[in-house]
Structures are given as structure tokens and as C-alpha cells.
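Model the full structure from these sequences, guided by the hints.
From first to last, the protein sequence lines stand for chains A and B. Read in order, the letters of the first sequence are residues 162 to 312 in the numbering used here. Read in order, the letters of the second sequence are residues 7 to 123 in the numbering used here.
Incorrect hints may have been included.
To be verified - A few chain B residues facing chain A, derived, Cβ under 10 Å:
hint, residue
1, Ser34
2, Glu35
3, Ser38
4, Lys39
5, Ala42
6, Ile59
7, Ile81
8, Lys105
9, Gln106
10, Glu108
11, His112
12, Val113
13, Ala114
14, Gln115
15, Phe118
16, Phe121
No lab work stands behind these hints, which were simulated from the structure alone. Quick reminder that beta carbons are idealized off the backbone N, C-alpha and C, glycines included.
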Amino acid sequence: MSKELILGSLIGTGNSKLTYAEKVNAFLGNSYTSTAGNQYFNAMRFADGIVIKEDIGQGYKYAFLNGLRIYSLIDKTLIIEETFHCQIYSLDWVKARIKEMLKKVLSEAASARGITYDLADADRLIQRLIEDAFRNDQRIIMDQQLKRLVE
Amino acid sequence: MNQLTFNKIALGKKLIDFIYYEAIIEKSENESKLIAVNVLANGKILTKIKTNISLSEYELGHLDRLIIEIISSFISDSENNSSTCSKQESFYATKPSNKQKEARNHVAQDLFNQFNL
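This is the structure in C-alpha cells:
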């Protein structure tokens, strides 16, 4: 499966083009401007086995985070999502929410299997995964992650 | 008076890349009225815009344009009225389907592997 098809299936449309934006180290797509002049778009980042998608609205004064979605890359399926109302965009806040969402996924899976794990270790591991995704070049991470799918 | 979802767009017509809409039309003997427009994303209704517009003066081919104007106007009004955001909300939007549960397990397993669990 080509990169475009994988990305197209993740973002819900095969036609929308994603463009890498170096300034924010993310792939941006699905952009449109409302009649009120506000711009809405998605920012996508790859991490180990997952894709994180942010729904962002850029108003005249503030940028708002309207939603967060995390997809399993191997299943190309939405695993968890949150939506927000009037949440002013902050990178630290985005990272904190992603961390909570992944901890929830981990916790539910552990409960279902009846296993226990060190919560502090999990916290550190997830934190590292998120920091890597935001800090390291997303073009390289995307190539690595998509390569895993076809191996 | 029968309420029906207009067949041509009942399944959701694409407005922009990730938003769809459907029209709810009431038909009587004498006239048809557009009573609501549902705005959809990922198959879920994001919002229902109530209207009360007689369709007698609109050609069917212009219905799409009318609906887009209604949605645009609604978004514009919402944006103009929401400049004072006093509260923040977050919630888990859906109960996971079996497919989602399986995908969650795969992601969790990747993480567990890094714990050597």
C-alpha cells in the first residue's frame, strides 16, 4: 500500500494532500477557511505504531485545539479520541492530553489481560514516545513507521 | 405531513473534505419545507441546524447551494458568538468498537513490549 493511500485512509479522505511543515514538525492537511475567516486544519505526527492527529482552528487572535485523535498505524483504525470546546492551543497541553489518552489505552489493555505494570515506568515510556514524536524529524519517523507496515 | 430524509443527499453529501450534510424535508400536499440540515462528520451528526424554509421557490438543483449557505451562515454566526470562551470541555467521544478494541490492544502490546511484558 502506498504512503498516500495509508495517509488517505487515516485522515478519512483519499484526496486531501498532506504537506510537511518544518516550523511545527508535522504534516498539515484538510485545510479550509470559513466565511468568518477562521482557518481549520489537521496536524498529523507519527510515533511508534501510532499516528496522532490534531484538529486545529486558527482564529483572528487564538489558535484552538478542537480535537485529538490517535490511530493505530498497523490497523489503520482510530483507537481513541477527545474533542474540546474553546481550548486555546498549547503544545504542552496537547502533549499532556496525548499522554493521558495513551495511558488510558494501556491501562484498559492491562486490565483486560489481568496484568500489572509499573505506572511510573509507563509514564516515562509514553512521555519519551511523545517527546520523540514532537522533537525528531517527522519525515524520517513517517518513513520508518510506514516501512514497518510493508515489511 | 410526512417527514423524510431527501434521498439524493440522505446518505450525506460532501460539503468539504471532511464534513457532510443531509437535508430533512417535510412534504405536504401543497409544499415541501426544509426543516433542518444535519452537519455530519465521520457518520455522526455534529449539529442539527433547524430551519423553516419553503422549497417551492427553490429549484431542486439549487438546494445544494441553499444548504451550503445555511451551513456557512450557521458557522459564521457560531464563530461570531463564541468569542468569549469561558469553559473548556473534553470527553471521550465513543465507546470502542471491537475493531477499535483490537487496535488498542495492538498499540498497548507495542508499549508492553518495551516493558518486556
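These are the hints, each one checked on the structure:
A cut of 10 Å between beta carbons decides the hint on Ser34 of chain B: the least distance to chain A is about 32 Å, and the hint is violated. Given the 10 Å rule on beta carbons, the hint for Glu35 of chain B is violated: about 36 Å separates it from the nearest Cβ of chain A. For Ser38 of chain B, the shortest C-beta to C-beta distance to chain A is roughly 27 Å, which exceeds 10 Å, and the interface hint is violated. Annotation: interface hint on Lys39 of chain B violated; nearest CB of chain A at approximately 25 Å, more than 10 Å.
Given the 10 Å rule on beta carbons, the hint for Ala42 of chain B is violated: about 20 Å separates it from the nearest Cβ of chain A. Hint status for Ile59 of chain B relative to chain A: violated, with the closest Cβ pair at about 19 Å, above 10 Å. Interface restraint check: Ile81 of chain B against chain A, minimum CB-CB distance 5 Å, threshold 10 Å, status holds. A least Cβ separation of about 6 Å between Lys105 of chain B and chain A falls short of the 10 Å threshold, and the interface hint therefore holds.
The beta carbon of Gln106 of chain B is positioned within 10 Å of a beta carbon in chain A (closest approach about 6 Å), and the interface hint is therefore held. The beta carbon of Glu108 of chain B is positioned within 10 Å of a beta carbon in chain A (closest approach about 7 Å), and the interface hint is therefore held. The beta carbon of His112 of chain B is positioned within 10 Å of a beta carbon in chain A (closest approach about 5 Å), and the interface hint is therefore held. Annotation: interface hint on Val113 of chain B holds; nearest CB of chain A at approximately 5 Å, less than 10 Å.
Interface restraint check for Ala114 of chain B: the shortest CB-CB distance to chain A comes to about 3 Å, inside 10 Å, so the restraint holds. A hinted interface residue such as Gln115 of chain B counts as satisfied when its beta carbon comes closer than 10 Å to some beta carbon of chain A; here the least separation is about 7 Å, so the hint holds. Restraint check, Phe118 of chain B versus chain A: the minimum CB separation of about 7 Å is within 10 Å; hint holds. With its C-beta approaching chain A no nearer than about 6 Å, Phe121 of chain B sits inside the 10 Å limit, and its interface hint holds.
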